[in-house]
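Can you build the whole structure from these sequences, using the hints too?
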Amino acid sequence: MKVLIPKSKPAKGAVGKTGLWRTSKPVVNHNKCIKCVICWAFCPETTILRFEDNSVDIDYEYCKGCGVCANECPVNAIEMVED
Amino acid sequence: MTSIKQLPYEEYFLAGNGSCPGCGLTIGLRNVLKALGKNVYMVVPASCSSVVQSPFPNSSATVPLLNTPFAASAAAASGMVRALKIMGKDAVVMVWAGDGGTFDIGLATVSGAAERNEDLLYICYDNEAYMNTGGHRSSATPLGTFTGTTPTGKRENKKNVPLIMAAHGIPYVATASIAFVTDLYDKIMKAKDMKGFRYIQIYSPCTPGWLLPTEKSVESAKLAVQTGIYPLFEIEGGIFKISAPSKAYLKKEKRKPLHDYFKIQGRFKHLKEEHIKLIEQWIDQMNEEYAALDGKKIF
Numbered sequence: 001m002k003v004l005i006p007k008s009k010p011a012k013g014a015v016g017k018t019g020l021w022r023t024s025k026p027v028v029n030h031n032k033c034i035k036c037v038i039c040w041a042f043c044p045e046t047t048i049l050r051f052e053d054n055s056v057d058i059d060y061e062y063c064k065g066c067g068v069c070a071n072e073c074p075v076n077a078i079e080m081v082e083d
Numbered sequence: 084m085t086s087i088k089q090l091p092y093e094e095y096f097l098a099g100n101g102s103c104p105g106c107g108l109t110i111g112l113r114n115v116l117k118a119l120g121k122n123v124y125m126v127v128p129a130s131c132s133s134v135v136q137s138p139f140p141n142s143s144a145t146v147p148l149l150n151t152p153f154a155a156s157a158a159a160a161s162g163m164v165r166a167l168k169i170m171g172k173d174a175v176v177m178v179w180a181g182d183g184g185t186f187d188i189g190l191a192t193v194s195g196a197a198e199r200n201e202d203l204l205y206i207c208y209d210n211e212a213y214m215n216t217g218g219h220r221s222s223a224t225p226l227g228t229f230t231g232t233t234p235t236g237k238r239e240n241k242k243n244v245p246l247i248m249a250a251h252g253i254p255y256v257a258t259a260s261i262a263f264v265t266d267l268y269d270k271i272m273k274a275k276d277m278k279g280f281r282y283i284q285i286y287s288p289c290t291p292g293w294l295l296p297t298e299k300s301v302e303s304a305k306l307a308v309q310t311g312i313y314p315l316f317e318i319e320g321g322i323f324k325i326s327a328p329s330k331a332y333l334k335k336e337k338r339k340p341l342h343d344y345f346k347i348q349g350r351f352k353h354l355k356e357e358h359i360k361l362i363e364q365w366i367d368q369m370n371e372e373y374a375a376l377d378g379k380k381i382f
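Protein chains in written order, with this note's numbering: chain A, 1 to 83; chain B, 84 to 382.
Please note: incorrect hints may appear among the correct ones.
What the hints assert, rightly or not - If you only want the chain B side, here are some residues facing chain A, beta carbon under 10 Å, derived:
| # | residue |
| --- | --- |
| 1 | ILE87 |
| 2 | PHE96 |
| 3 | GLY99 |
| 4 | ARG113 |
| 5 | SER137 |
| 6 | PHE139 |
| 7 | PRO140 |
| 8 | LEU148 |
| 9 | THR297 |
| 10 | LYS299 |
| 11 | VAL301 |
| 12 | GLU302 |
Said to hold, decoys possible - In the SDA-like style, the derived pairs of lysine to any residue whose C-alpha atoms are separated by at most 20 Å in a straight line are:
| # | chain 1 | residue 1 | chain 2 | residue 2 |
| --- | --- | --- | --- | --- |
| 13 | A | LYS35 | B | GLU93 |
| 14 | A | LYS9 | B | SER133 |
| 15 | B | LYS305 | B | ARG338 |
Unchecked claim - Across the chosen pairs, the derived CB separations fall in these ranges:
| # | chain 1 | residue 1 | chain 2 | residue 2 | range |
| --- | --- | --- | --- | --- | --- |
| 16 | B | GLY120 | A | SER55 | 23 to 31 Å |
| 17 | B | PRO91 | A | VAL81 | 27 to 35 Å |
| 18 | B | LYS346 | A | ASP57 | 29 to 37 Å |
| 19 | B | PRO91 | A | LYS17 | 21 to 29 Å |
| 20 | B | LYS168 | A | ILE5 | 20 to 28 Å |
| 21 | A | MET1 | B | GLY171 | 29 to 37 Å |
| 22 | B | HIS353 | A | VAL75 | 35 to 43 Å |
| 23 | A | PRO74 | B | LYS379 | 50 to 58 Å |
| 24 | A | PHE51 | B | ARG199 | 41 to 49 Å |
| 25 | A | ASP83 | B | THR216 | 28 to 36 Å |
| 26 | B | THR216 | A | VAL27 | 30 to 38 Å |
| 27 | B | GLU94 | A | PRO74 | 21 to 29 Å |
| 28 | A | PRO74 | B | GLU336 | 20 to 28 Å |
| 29 | B | ASP276 | A | SER55 | 27 to 35 Å |
To be clear, the hints were calculated from the coordinates, so they are not data collected in a lab.
Here the structure is a predicted model, which is why all the values come from computation and not from measurement.
We treat Cβ as the ideally placed atom computed from N, Cα and C, and that holds for glycine.
Laid out in structure tokens, this is it:
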């Protein structure tokens, strides 16, 4: 007899491509960015990608466009633009 | 103290989960799991977190996670701790529960586990109401707050669960905030290496429940500390200590005006000047009491 165990497996995008929920998207101005990675620490969605040199980029596939990164950026290097 | 740049790169909670935009819970959970690492077993009672993980057969959590009924989380975790001990595994068992599952429904099992001093880390993310089921009042909802079941504002004040937990004589109790991630990270790192029941309460804004613009979730958590409405402290071995982010705001003249905190949240929009005065009195009294306790052994 086969027993089914209700066990979920880890997967990215478990509820689908959450980028579709977005109405506006954050755009990083790399000239203004001071590489403080505050946006990365506060991103609720893990969609701010932090690189070795502390520069950041955004994973638009899953970014829900909440705007926390733009609001918390100390030098206003992230701008929310209509998507 | 850790700086933001020293936080680890590894992520244990994946993108594309079911949380609302700007969710405070996921900011907290991400950073808590960064501190705990891979060697953790999570127990989650019915709460937003059980939804945020996403539906079967996928899960956004990359660590083992057990979903339990509302009141059973601390009891299930106690069993898990003992099972791991028999299996000879050395790992942290963490309960990640909401304020409803801690302050109200789960309090009996939480208190039971604390009394037995079970070796587990209990984390309550406090969004000040039953947000998953539509925002009903809980005993964590502060005075005057609008919720689905208190349309004219709540008449009672918030229950002080951290002090109730400390009265159990457990080794570590702390309050933290998602707006001060490094302070939160340090507290988790400290609690991780301890033995016995450890209780941490994380202030975690809920954007739809608090009628809060999605981008303001971290800002409002920051203001909660700066206005003195949510002081951060730790009680280690019975000794009460105000944490660094809250230290400056114990004095009334240093605190930011309460209006700044109230005006960005729709749940406080109905408050009149006299109500705000009443809440202000409560904040003054609470901060005075905490300032007097600072550095003293209270339990």
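How the hints compare with the structure:
| no. | hint | in the structure |
| --- | --- | --- |
| 1 | ILE87 | holds (5 Å) |
| 2 | PHE96 | holds (6 Å) |
| 3 | GLY99 | holds (3 Å) |
| 4 | ARG113 | holds (6 Å) |
| 5 | SER137 | holds (3 Å) |
| 6 | PHE139 | holds (5 Å) |
| 7 | PRO140 | holds (6 Å) |
| 8 | LEU148 | holds (8 Å) |
| 9 | THR297 | holds (4 Å) |
| 10 | LYS299 | holds (7 Å) |
| 11 | VAL301 | holds (5 Å) |
| 12 | GLU302 | holds (6 Å) |
| 13 | A/LYS35 / B/GLU93 | holds (18 Å) |
| 14 | A/LYS9 / B/SER133 | holds (14 Å) |
| 15 | B/LYS305 / B/ARG338 | holds (12 Å) |
| 16 | B/GLY120 / A/SER55: 23 to 31 Å | holds (25 Å) |
| 17 | B/PRO91 / A/VAL81: 27 to 35 Å | holds (31 Å) |
| 18 | B/LYS346 / A/ASP57: 29 to 37 Å | holds (34 Å) |
| 19 | B/PRO91 / A/LYS17: 21 to 29 Å | holds (27 Å) |
| 20 | B/LYS168 / A/ILE5: 20 to 28 Å | holds (24 Å) |
| 21 | A/MET1 / B/GLY171: 29 to 37 Å | holds (31 Å) |
| 22 | B/HIS353 / A/VAL75: 35 to 43 Å | holds (37 Å) |
| 23 | A/PRO74 / B/LYS379: 50 to 58 Å | violated (37 Å) |
| 24 | A/PHE51 / B/ARG199: 41 to 49 Å | holds (46 Å) |
| 25 | A/ASP83 / B/THR216: 28 to 36 Å | holds (31 Å) |
| 26 | B/THR216 / A/VAL27: 30 to 38 Å | holds (36 Å) |
| 27 | B/GLU94 / A/PRO74: 21 to 29 Å | holds (23 Å) |
| 28 | A/PRO74 / B/GLU336: 20 to 28 Å | holds (26 Å) |
| 29 | B/ASP276 / A/SER55: 27 to 35 Å | holds (33 Å) |
In summary, the one numbered hint that this structure violates is 23.
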